[in-house]
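What follows is each chain in one-letter form.
There are 2 protein chains.
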Amino acid sequence: MTTMLEVAKRAGVSKATVSRVLSGNGYVSQETKDRVFQAIEESGYRPNLLARNLATKRTQTLGLVVTNTLYHGVYFSELLFNAARMTEEKGRQLILADGKHSADEEREAIQYLLDMRCDAVIIYPRFLSVDEMDEIVEKCEQPIMVLNRRLRKNSSHSVWSDHKASCQEAVSQLIEKGHREIAFITGSLDSPTGVERLSGYKDALVQHGIPLHEGLIAQGKWNPASGAAAVSELLARGATFTALVASNDDMAIGAMKQLHDSGVVTPDAVSVIGFDDVAIAPYIVPSLSSVRIPVTEMIKETISRLIFMLDGGEFKYQQTFSGELVLRDSVIDGPHR
Amino acid sequence: MTTMLEVAKRAGVSKATVSRVLSGNGYVSQETKDRVFQAIEESGYRPNLLARNLATKRTQTLGLVVTNTLYHGVYFSELLFNAARMTEEKGRQLILADGKHSADEEREAIQYLLDMRCDAVIIYPRFLSVDEMDEIVEKCEQPIMVLNRRLRKNSSHSVWSDHKASCQEAVSQLIEKGHREIAFITGSLDSPTGVERLSGYKDALVQHGIPLHEGLIAQGKWNPASGAAAVSELLARGATFTALVASNDDMAIGAMKQLHDSGVVTPDAVSVIGFDDVAIAPYIVPSLSSVRIPVTEMIKETISRLIFMLDGGEFKYQQTFSGELVLRDSVIDGPHR
DNA sequence: TTGTACGCGTTATCAA
DNA sequence: TTGATAACGCGTACAA
Numbered sequence: 001m002t003t004m005l006e007v008a009k010r011a012g013v014s015k016a017t018v019s020r021v022l023s024g025n026g027y028v029s030q031e032t033k034d035r036v037f038q039a040i041e042e043s044g045y046r047p048n049l050l051a052r053n054l055a056t057k058r059t060q061t062l063g064l065v066v067t068n069t070l071y072h073g074v075y076f077s078e079l080l081f082n083a084a085r086m087t088e089e090k091g092r093q094l095i096l097a098d099g100k101h102s103a104d105e106e107r108e109a110i111q112y113l114l115d116m117r118c119d120a121v122i123i124y125p126r127f128l129s130v131d132e133m134d135e136i137v138e139k140c141e142q143p144i145m146v147l148n149r150r151l152r153k154n155s156s157h158s159v160w161s162d163h164k165a166s167c168q169e170a171v172s173q174l175i176e177k178g179h180r181e182i183a184f185i186t187g188s189l190d191s192p193t194g195v196e197r198l199s200g201y202k203d204a205l206v207q208h209g210i211p212l213h214e215g216l217i218a219q220g221k222w223n224p225a226s227g228a229a230a231v232s233e234l235l236a237r238g239a240t241f242t243a244l245v246a247s248n249d250d251m252a253i254g255a256m257k258q259l260h261d262s263g264v265v266t267p268d269a270v271s272v273i274g275f276d277d278v279a280i281a282p283y284i285v286p287s288l289s290s291v292r293i294p295v296t297e298m299i300k301e302t303i304s305r306l307i308f309m310l311d312g313g314e315f316k317y318q319q320t321f322s323g324e325l326v327l328r329d330s331v332i333d334g335p336h337r
Numbered sequence: 001m002t003t004m005l006e007v008a009k010r011a012g013v014s015k016a017t018v019s020r021v022l023s024g025n026g027y028v029s030q031e032t033k034d035r036v037f038q039a040i041e042e043s044g045y046r047p048n049l050l051a052r053n054l055a056t057k058r059t060q061t062l063g064l065v066v067t068n069t070l071y072h073g074v075y076f077s078e079l080l081f082n083a084a085r086m087t088e089e090k091g092r093q094l095i096l097a098d099g100k101h102s103a104d105e106e107r108e109a110i111q112y113l114l115d116m117r118c119d120a121v122i123i124y125p126r127f128l129s130v131d132e133m134d135e136i137v138e139k140c141e142q143p144i145m146v147l148n149r150r151l152r153k154n155s156s157h158s159v160w161s162d163h164k165a166s167c168q169e170a171v172s173q174l175i176e177k178g179h180r181e182i183a184f185i186t187g188s189l190d191s192p193t194g195v196e197r198l199s200g201y202k203d204a205l206v207q208h209g210i211p212l213h214e215g216l217i218a219q220g221k222w223n224p225a226s227g228a229a230a231v232s233e234l235l236a237r238g239a240t241f242t243a244l245v246a247s248n249d250d251m252a253i254g255a256m257k258q259l260h261d262s263g264v265v266t267p268d269a270v271s272v273i274g275f276d277d278v279a280i281a282p283y284i285v286p287s288l289s290s291v292r293i294p295v296t297e298m299i300k301e302t303i304s305r306l307i308f309m310l311d312g313g314e315f316k317y318q319q320t321f322s323g324e325l326v327l328r329d330s331v332i333d334g335p336h337r
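Protein sequences appear in the order of chains A and B.
Going by the working numbering, the letters in the first sequence line up with residues 1 to 337, in that order.
Going by the working numbering, the letters in the second sequence line up with residues 1 to 337, in that order.
What the hints contain is simulated information worked out from the structure, not anything from laboratory work.
Take every hint as true, because none was put in to throw you off.
No distinction is drawn between identical chains; accordingly, a pair holds when it is met within one copy or between any pair of copies.
Derived DSSO-like pairs (lysine-lysine); straight-line CA-CA distance at most 27 angstroms:
1) K33 / K139
2) K139 / K316
3) K15 / K139
4) K15 / K57
Start from the sequences and build out the full structure, keeping to the hints where you can.
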C-alpha cells in the first residue's frame, strides 16, 4: 500500500502539503495541487482511515447493535435500511455489530463498537436491562441512544413506542366492534415488548368490564411456527373466540395458517390483528389488520439526536411514538358470528 | 479516555509490559500481571482498536457490500445473519457497507471498506460489471470474494449458483407434469440474475419442443407489487396458462394474490413456482413451490475461502452451487384443467 | 522478566 | 505557501 509519504516524494513536496491538498484545509498553490493529484493518480494512493481516525480522534461512524434474533423479518430490514440511509445522509458510516442471543454477547457487541471508537452508538437491546443501559449511557464518553426501551434516568437518550397503549387501543377497537371473546398470543415474555403488549390486552378487557379468561391466552415466541402452535393449543383447549390478537405479524400469519388448516374455524370468521406490519403481509393475508410501529420515524429521531449531541447539543425532553392501527375488512366488519 | 500509558504508570511498569499482559505474548511475572489487571480495572481502560490495528496492520474485520435494493426480504436477512455468524466464529467482525442503488455508490462502498483496511471484502454486486470486479480483485491487496456472479478471469474468487440451470430445471419439471402453457414473470432485466432465469425458461421450452409465446412473459421488478401487476397484464392480454413461474418468491406471492383477487383464475388452478424461498412463504401460501438458493452454504464457502487466503492459501478450483427445487402439492399434482 | 525506542500513516501546530 | 516535527495509542525488536 502506497502511503502519503510516497505520494509526497513523487510530487516533490512534504507529507503536510499532501495532507492539506486532501483535506482542503490551508493554502496550497494550484500548481502544487496539480502535481499532488497527479502523484496520487499515478501511485494509486488511498488514505488509511485507521491512521486518519487515530489522528483526528473522529471516525465518522455510528455503531448499531441488534440481536440476530431480530434479523429475520422485514422489521429488521426496515430498521437497518433506514439507519444506513440516514447515517450516510449525515456524511457518516453505519457499523453493525451482532448482539447475538445473550446478555454477554450484547455487552461485547457494544464494547466492540466503543473500542472501535465509533462517534456514537445506537442500541436496540434485547437482553440488557434498562438499568444497565442507563449505566452505560452515563459511563461512556460517546453519545448513546437506546431504541425501543424507556430509560429510567436518561430518558432523553431513548426512543420508544408505547407498546402497552398500542395494544390496549387495538383490543379496545375489537371490543367496540362487538367482539367479546378475544384470544391473545403473547411474544416471548422475557422481552419487555412481549410483557407490555400482554399487559395492554389485559387492561383493555378490564377497562371495558370484560372478564379475563386465561384460557384465551397462549404463549408464542415471535416466529410464525409458534403462532401456529399457539392456535393449536387454543383450539385443543376448546377455546372459542371471534377475534385474535397476536403480539406480532409473524405469529399472526402462522396463526392464520393454523386456523385455516385446522378447519375448526375458518380464518374469515376470526378477526386477526398483528404488530409491526411485515410489509409483505398485506399481499398475502389481506384480512390481517396490524399495528404499524413507526420504525422509520423512530430511527430518524434517534440519529438526529445523536448528531445533535455530537455537535455538543443536549436534549432535555423526551419523545414517545405510538403505533398506528391499520384495520382491514375483517375487523371493520365486526364479529361474523 | 484512559490510555495504555496511564495504566502503565498506575501499575508502575512500562507500556510494553501492559501490552504484553493484554496480548499474552512474552513473559510477564504473575505478580506484575496482577498489578496491571488491577490498574486496568481501576482506570476503566479500554484498548483503542484504531491504534492497535494501525500498528499490527490487521483489523480482524471482513467487509460486506450489498445494495440496499436487496435489504427488504428474508433472502438478505439470511445472507447477513450467516455472514455475521460465520465471521465471528472465525474471530472476526463483519462490517456492512451499503451499496445503495447505483454503480458509483457501489464502488464507493467497496472503497470505503478497503480504506478502512478490512482484512478481506465480500461483494454481492448489483450494478458493477463482472469485468470491473475482475479488475478490482486483481488490483487489491486484500483478498476479495464476489457472491452471485461468475468472474471471468478470477473465477475462484467468486461463488455463484447457476440461475439459468435452476430455472430450466423448474420449468422442465412443470412440463413433465403435463403443463404446456407456462407463464413467466421476469425480474429486473438489468440484473444478470433476471436475465439468466428468463433464459433458463426459454431454453426449457425449446428443449421440450414447446413453442415460445411472448404473450406468456411479463416483466417484473422483484417486488410483490410488480408480481401482481405482471399477472394483471397477462390476464388483460387474454393469456391462458396452467402454471406460472415467477423469478422470485416476492413476485410469486404478489402474483398469487392477484390471481386470487382477479377471480379469473383461482390460484389452485395454477401451479406457481418462485425463487429464493422467502422463509415465511410456506406459512401463508402452502401451494407455492420454490427454488431454494443455498445462501447459507454459499456464504460459508465464501468466508472459508477468504480466511484461507488470509492465511496465504490460494484456490485453483472453483465451485458452483445449484438451487434446490422444493415442490408443493399444486405442482406435484400437475395441471388442474 | 522488564524497559527503551522506534514504527504504523495520518493530522495539526508551529516556524520559515 | 510550504516544511519540520510532534502528537494519536498501540505493537514489537532489541537490549538490559
